[in-house]
Amino acid sequence: MSVAATQATRLQLSHFGRYAIFFVLAVIYVAGLAVSPAFAEPNYILNILRQITPVGIAAVGVTFVMILGGIDLSVGAVISLTSVLTATVMAGDVANLAPAILLACAVGLCIGLINGIIVAFSRASPFILTLGMGVAVVGLTQMLTGGTAKGIVSPGFREFFNFRVGGLLPNLAIAFLLLVAIGLFIEKATIFGRQLFLVGTNRATAVLSGLAVRRVTIAAYAISGLFGALAGIALLARSGVSSTVAGQGLEFQVLAAVVLGGTTFEGGRGGIAGTVAGVLVLAIAFNLVNIAGLPYQMQLLVMGFIIILASALYGQISDLAD
Amino acid sequence: MILTRRTLLALMGTTATTLAIRSAFADQATDTAQTAKAAETVDTSAFKKSGKIKIGVSAGYLSNSWVVFALQHVRWEASKHDVSEVIVTDAGFNPAKQVSDIEDLLRQKIDLLIYWPVDDASVANVLKRAVDAGVPTVQAGGGFTDAPGVTSNAYISQWKLGEMVARHLMQDIGGKGKIVAMLPIAGTTAAVDQLDAFNTVAKEYPGVELLSAEYGDWNRAKAKQITENLLQRFPKIDGVFSPSGQMSIGMAEAFDEAGRLGETVFSPGDEYNGWLKWAATHKQGGVVTFPTRAGQVAVQVGMDILAGKPVTRGVAVPSVYVAPAEIGSLVAADRPDDWWASQLPPEFLPQ
Numbered sequence: 020m021s022v023a024a025t026q027a028t029r030l031q032l033s034h035f036g037r038y039a040i041f042f043v044l045a046v047i048y049v050a051g052l053a054v055s056p057a058f059a060e061p062n063y064i065l066n067i068l069r070q071i072t073p074v075g076i077a078a079v080g081v082t083f084v085m086i087l088g089g090i091d092l093s094v095g096a097v098i099s100l101t102s103v104l105t106a107t108v109m110a111g112d113v114a115n116l117a118p119a120i121l122l123a124c125a126v127g128l129c130i131g132l133i134n135g136i137i138v139a140f141s142r143a144s145p146f147i148l149t150l151g152m153g154v155a156v157v158g159l160t161q162m163l164t165g166g167t168a169k170g171i172v173s174p175g176f177r178e179f180f181n182f183r184v185g186g187l188l189p190n191l192a193i194a195f196l197l198l199v200a201i202g203l204f205i206e207k208a209t210i211f212g213r214q215l216f217l218v219g220t221n222r223a224t225a226v227l228s229g230l231a232v233r234r235v236t237i238a239a240y241a242i243s244g245l246f247g248a249l250a251g252i253a254l255l256a257r258s259g260v261s262s263t264v265a266g267q268g269l270e271f272q273v274l275a276a277v278v279l280g281g282t283t284f285e286g287g288r289g290g291i292a293g294t295v296a297g298v299l300v301l302a303i304a305f306n307l308v309n310i311a312g313l314p315y316q317m318q319l320l321v322m323g324f325i326i327i328l329a330s331a332l333y334g335q336i337s338d339l340a341d
Numbered sequence: 279m280i281l282t283r284r285t286l287l288a289l290m291g292t293t294a295t296t297l298a299i300r301s302a303f304a305d306q307a308t309d310t311a312q313t314a315k316a317a318e319t320v321d322t323s324a325f326k327k328s329g330k331i332k333i334g335v336s337a338g339y340l341s342n343s344w345v346v347f348a349l350q351h352v353r354w355e356a357s358k359h360d361v362s363e364v365i366v367t368d369a370g371f372n373p374a375k376q377v378s379d380i381e382d383l384l385r386q387k388i389d390l391l392i393y394w395p396v397d398d399a400s401v402a403n404v405l406k407r408a409v410d411a412g413v414p415t416v417q418a419g420g421g422f423t424d425a426p427g428v429t430s431n432a433y434i435s436q437w438k439l440g441e442m443v444a445r446h447l448m449q450d451i452g453g454k455g456k457i458v459a460m461l462p463i464a465g466t467t468a469a470v471d472q473l474d475a476f477n478t479v480a481k482e483y484p485g486v487e488l489l490s491a492e493y494g495d496w497n498r499a500k501a502k503q504i505t506e507n508l509l510q511r512f513p514k515i516d517g518v519f520s521p522s523g524q525m526s527i528g529m530a531e532a533f534d535e536a537g538r539l540g541e542t543v544f545s546p547g548d549e550y551n552g553w554l555k556w557a558a559t560h561k562q563g564g565v566v567t568f569p570t571r572a573g574q575v576a577v578q579v580g581m582d583i584l585a586g587k588p589v590t591r592g593v594a595v596p597s598v599y600v601a602p603a604e605i606g607s608l609v610a611a612d613r614p615d616d617w618w619a620s621q622l623p624p625e626f627l628p629q
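One line per chain: the protein sequences are A and B, in this order. Heads up: the first sequence at position 140 corresponds to 159 in the numbering used here, and the numbers run straight through without jumps. Heads up: the second sequence at position 75 corresponds to 353 in the numbering used here, and the numbers run straight through without jumps.
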């Protein structure tokens, strides 16, 4: 083979490598189809979209931070806090709808800003910092609510989001796709998006080349906090207020989705498209084992295997491409 | 991932171990044995105390509304007696912290310890130390615990609760049909006992088939997601066995959104306000209570112990059935979903 031809092949394969997660998604979707014809029904697929909306929205926000090379473990706590806060401010009144949502977003944004400022201006490890922030936010939530989830959702709020346009597409799913589109736009079409990748790939170079690294960092964490708040509102729309720890543990699903989607802990690579595919892979895996009717313990085992296999497959494809 | 022989053997070993772990929880025989043990009298003469009482409450966790209500019942009952102070500690699901919490309370010279554990085994020792130091201990709200460190129990039998729910469901569906069961966190006393109670009752109704037992972790969103899958798997579901009101509403929503609410009958749930609102509106389901007043009973038992009166090793806080038609009196329409029907006076309701 000539050198040029080898180069061309390598370029094609590397292109393929970036989209490995979509291949994995296709494989697991086909597996789902083999298990149950439900996966062919549009109603069911859109149901899955609705199910993943809270985790999905949060994952989009965390992707920004992880492209930077950081991490945000406070997102689960932010979801719990904003979910309860929104319901509390709504207090069952339609007039409170807008203030409730705005307040929740402001709170999420603030928490993100604090995370970002501390990471940008100190040598604090983002892992420990956001973990600690998460714990603090859980405490804050308990303090504000006294342990019982307060608040009554405004009438019409949940009905609006569960309403299916054309009898098919739920508004919640549309909201999710809209936020994904916004995220993709920021990532691919703005200078900020380019800067994220630059800082994530080589921080030292970015600093030396005069990039406002601190500003980029703070902005990324702020976006993550904001998307966390939006995820909390989505969770409220999906399930109503049922506890003060509704978001507990979601940060691990979010992380799994982001890493599965190709955005690694080192930063500088990956993206939101991959994250969304990652979230879908996790959701299909869960629904697959559930709908297959396996006994519960087997469900957990098989779901774990699917996630391991998915990441292994993804790794193999990426290796082939490199 | 290369599937070597070693990997395969490790996998098989793990699977076998997981499936072989036998649960040590109640079935009907164990429940009967527990009831018998609970009826035993405890000699409380050693604990007799006069004057103002200091109550210590070691909460394994305070992060859900049920325990918050149980705690308010403790405070309410305490206000009716000669109690100087109620000190509350929260272990936040950390067993080691609960041990140090109880030690702290003992250092503060409490006269009575009310507790609900994160994990029975971890606190067994420190409870024994409390009893040896002359401080009686009363377990509140969980299953019956028989240990040297536990003076008495204000316990709720999950098995009996499950049995009541199952029997009413059987009545409401006419004794035959296909049922799905929604249970809490797998492996907990509640989950194991409720499922066993259902299976025991179902034996008397050969026309009833359990399609699937699912675990919703007391999580409304998860129960909804699982139900969406159940609706895909099973073209007809005649009945839903779900003692937890929180999960029942999630399930009801899923049925409603699939347009299949009319084909199924819901079992009674607990007195979770969100479920009460739903059951009152839809006039079905009813309630089998999971009484938060276990906290109140615990203090009553504790005060009897301190007065030197004989008490039994366990006082069952019975679940009661409330028919759908009578739910109206229990619902608190202006309160959030995450609220529990109770007799608490307004000044003791959670703020």
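Fair warning: there could be bad hints in the mix.
[As the list claims (entries may be wrong)] Here's a subset of chain A near chain B, in silico, CB distances under 7 Å, partners left out:
#	residue
1	SER144
2	GLY170
3	SER258
[Said to hold, decoys possible] Within a straight-line C-alpha distance of at most 25 Å, the following computed SDA-like cross-link-like pairs (lysine to any residue) qualify:
#	chain 1	residue 1	chain 2	residue 2
4	B	LYS332	B	LEU622
5	B	LYS500	A	LEU332
6	B	LYS456	A	GLN316
7	B	LYS456	A	THR107
8	B	LYS500	A	ASN190
9	B	LYS514	A	GLU60
10	B	LYS555	A	THR107
It should be emphasised that the hints constitute simulated quantities derived from the structure, not laboratory data. Only a predicted model underlies this, so the values are computations on that prediction, with no experimental measurement involved. Every residue, glycine too, gets a C-beta built ideally from N, C-alpha and C.
Are any of the numbered hints broken by this structure? If so, which, sorted upward? Of the numbered hints, 1, 5 and 7 do not hold.
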